[in-house]
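Could you put the whole structure together from the sequences, leaning on the hints where they help?
Protein sequences appear in the order of chains P and A.
Anchor point for the first sequence: position 14 equals 14 in my numbering, and the numbering is continuous, going up by one each time.
Anchor point for the second sequence: position 102 equals 102 in my numbering, and the numbering is continuous, going up by one each time.
Simulated from the structure, these hints should not be mistaken for lab results.
One thing to keep in mind: the hints can contain errors.
Reference excerpt, derived from the structure (chain P facing chain A, CB under 7 Å, subset only) [to be verified]:
id, residue
1, F38
2, V39
3, I88
4, S89
5, W96
Covered by chain P, according to a simulated footprint, are these stretches of chain A (three or more residues, beta-carbon under 8 Å) [to be verified]:
id, stretch
6, 97 to 110
7, 261 to 267
8, 307 to 317
9, 383 to 389
The beta carbon of each residue, even a glycine, is placed where N, CA and C say it ideally should be.
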Amino acid sequence: MTRREGVQLLALLASFVVAGYAGVRLLAGDVIGTGAWFVGSAVVHDLVLFPLYAGIDAALVMLLRRRPGWATVAGVRWLNYLRVPAVISGLLLLVWSPLILRVSDGAYHAASGLSAQPFLPRWFAVTVILFAISAVTLLVRALQSAEP
Amino acid sequence: MSVLDRWVNRAADHPPPGPFRAGFWRSPLRGPWFTAILSVALLPGITLMFLTGLASYAAYNPNLAPGNDTTPDKGLLGSWLPGWPAGPFWLYWVNQGVHVTLGLVLIPVVLAKLWSVLPKLFEWPPARSVTQLVERASLLLLVGGAVFELVTGVMNIQYYYAWPFGFYQAHYYGAWVFIAAFVVHVAFRLRTMVGALRGRSLRAELRTPVSQTTAEEPDPDHLVSADPAPATISRRGALGMVAAGSLTLVGLSVGQTIGGVTRSTALLAPRGQTIGLGSQELKPDFQVNKTAAEAGIDPVGASWRLELNGAANTSLSRPQLLAMPQHTARLPIACVEGWSTGLQTWTGVRLADLATKVGAAPDSSLFVESLQRGGGFGSATLSADQVTAADALLALQVNGADLTIDHGFPARVVVPALPGVHNTKWVTRMTFLPARG
Numbered sequence: 001m002t003r004r005e006g007v008q009l010l011a012l013l014a015s016f017v018v019a020g021y022a023g024v025r026l027l028a029g030d031v032i033g034t035g036a037w038f039v040g041s042a043v044v045h046d047l048v049l050f051p052l053y054a055g056i057d058a059a060l061v062m063l064l065r066r067r068p069g070w071a072t073v074a075g076v077r078w079l080n081y082l083r084v085p086a087v088i089s090g091l092l093l094l095v096w097s098p099l100i101l102r103v104s105d106g107a108y109h110a111a112s113g114l115s116a117q118p119f120l121p122r123w124f125a126v127t128v129i130l131f132a133i134s135a136v137t138l139l140v141r142a143l144q145s146a147e148p
Numbered sequence: 001m002s003v004l005d006r007w008v009n010r011a012a013d014h015p016p017p018g019p020f021r022a023g024f025w026r027s028p029l030r031g032p033w034f035t036a037i038l039s040v041a042l043l044p045g046i047t048l049m050f051l052t053g054l055a056s057y058a059a060y061n062p063n064l065a066p067g068n069d070t071t072p073d074k075g076l077l078g079s080w081l082p083g084w085p086a087g088p089f090w091l092y093w094v095n096q097g098v099h100v101t102l103g104l105v106l107i108p109v110v111l112a113k114l115w116s117v118l119p120k121l122f123e124w125p126p127a128r129s130v131t132q133l134v135e136r137a138s139l140l141l142l143v144g145g146a147v148f149e150l151v152t153g154v155m156n157i158q159y160y161y162a163w164p165f166g167f168y169q170a171h172y173y174g175a176w177v178f179i180a181a182f183v184v185h186v187a188f189r190l191r192t193m194v195g196a197l198r199g200r201s202l203r204a205e206l207r208t209p210v211s212q213t214t215a216e217e218p219d220p221d222h223l224v225s226a227d228p229a230p231a232t233i234s235r236r237g238a239l240g241m242v243a244a245g246s247l248t249l250v251g252l253s254v255g256q257t258i259g260g261v262t263r264s265t266a267l268l269a270p271r272g273q274t275i276g277l278g279s280q281e282l283k284p285d286f287q288v289n290k291t292a293a294e295a296g297i298d299p300v301g302a303s304w305r306l307e308l309n310g311a312a313n314t315s316l317s318r319p320q321l322l323a324m325p326q327h328t329a330r331l332p333i334a335c336v337e338g339w340s341t342g343l344q345t346w347t348g349v350r351l352a353d354l355a356t357k358v359g360a361a362p363d364s365s366l367f368v369e370s371l372q373r374g375g376g377f378g379s380a381t382l383s384a385d386q387v388t389a390a391d392a393l394l395a396l397q398v399n400g401a402d403l404t405i406d407h408g409f410p411a412r413v414v415v416p417a418l419p420g421v422h423n424t425k426w427v428t429r430m431t432f433l434p435a436r437g
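Take a look at the structure:
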């Protein structure tokens, strides 16, 4: 073991001591339940969310590579004009899904006196606007590239 | 060559299929520079998240009275925190607005960063030395902690309590687990980050279109694809997409923090809706935390009296309180969840005047109890600084009208820079406690 590795191991050990001190308190109420949420959130990201979005994107990219004719509108590649609004819309859904999908309706109403009913139509409207902005931008680019 | 080394080498030659093989990861964007540029945003961002989180915890004055402490077994993780000041009035408002809004901003950056380093998860063999194995265990705490903190924070501000633990404990101790791993991660990787940033010019990257985007030079950490596919998006485009995601999240939520006319821009934030609780007196009405119905408050009649305990004990009816000198203060109620009511005009009796009324010593703290039945935060203890602050009130009216029942009628506490839930509503009893010693 090199000197550098020794120092690194020592630093890691110190980190584990602090993490352990906090971890014991974190897990105190429900070891399995809390541990599952802690590890599970990373696992769900790595093995569900990432494969899902990367898989959809890879399938789309592969399709356009096989059919190059489909990949452009008036000479402009449209892939990223789809990706950007889809990613932002998906992100908004990911973050605000409890309100949008109304899974915490009761607690939300009890706390705020408000209804979660508007969030789904609002998210939908924002999504439509995002795609519309992207489509208009694509159209402008296509017209520009069509000019001599 | 030791047995262990031989085993490692043999395993390295036979990776399992799929993501464990180098050829699986083909994006030409992955590389040390791309990862480092995201870290440039995350390093100060996460530091600020931790500090504002710690400040928010201190704002509840957990060391003043056991009832204030949501994590009484914290030990070294906060017993040293100082008391929270009673001003400036915007202190908790800004702190919590930054904490929650910045947390939302960082979500796309964290996702992009995880995307950029994901091949490392499937590295084969999983470790080549003991140090590396230990470091990978630490990375589990880093990534698990980051995602756990974001998930619990985001779910909490939407009242989605789908977990088997209390939010305060989980979010607070989870932050300590995370920060322990974060500090060593930064210590180990800072040089790599700086080196990677020096390797390419940001200005040049921001001028490079898709057609000229190629993979970075091969790196010792194998972030760069061994078999890069042609680029379908430039680094500029990918970073722009992350930034656009962050900006959209902020743009559609920050209005719930600022309040006023900006509230209606917070289209997707929990408190972006204007409220209409059916009150005739308050127009426009403002946000509440916990409705009277939820708190089990029955309409309070003329029989209500405030029980006031100090050196002497007394009780006061609402007309008697209204007959005392009235003080008016413009203060926001700012919630741990990041939203606020914006500035409202509160009128009532100064807490200091109530202390004088029962002969309480000026260094007394104040224990306030609510009529609220069940649920959290039915009582709170205020420090002597908070009791004696000029704008600290037992409010009876707001914006020129009597409090509505959802805003705490017949009387509620309003103190500058105090977390929302400690501004106790539906007050029934106030007890001044002299400082010990």
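Against the structure, the hints:
| no. | hint | result |
| --- | --- | --- |
| 1 | F38 | holds (5 Å) |
| 2 | V39 | holds (6 Å) |
| 3 | I88 | holds (5 Å) |
| 4 | S89 | violated (9 Å) |
| 5 | W96 | holds (5 Å) |
| 6 | 97 to 110 | holds (count 3) |
| 7 | 261 to 267 | violated (count 1) |
| 8 | 307 to 317 | violated (count 0) |
| 9 | 383 to 389 | violated (count 0) |
Hint compliance for this structure: hints 4, 7, 8 and 9 are broken, all remaining hints hold.
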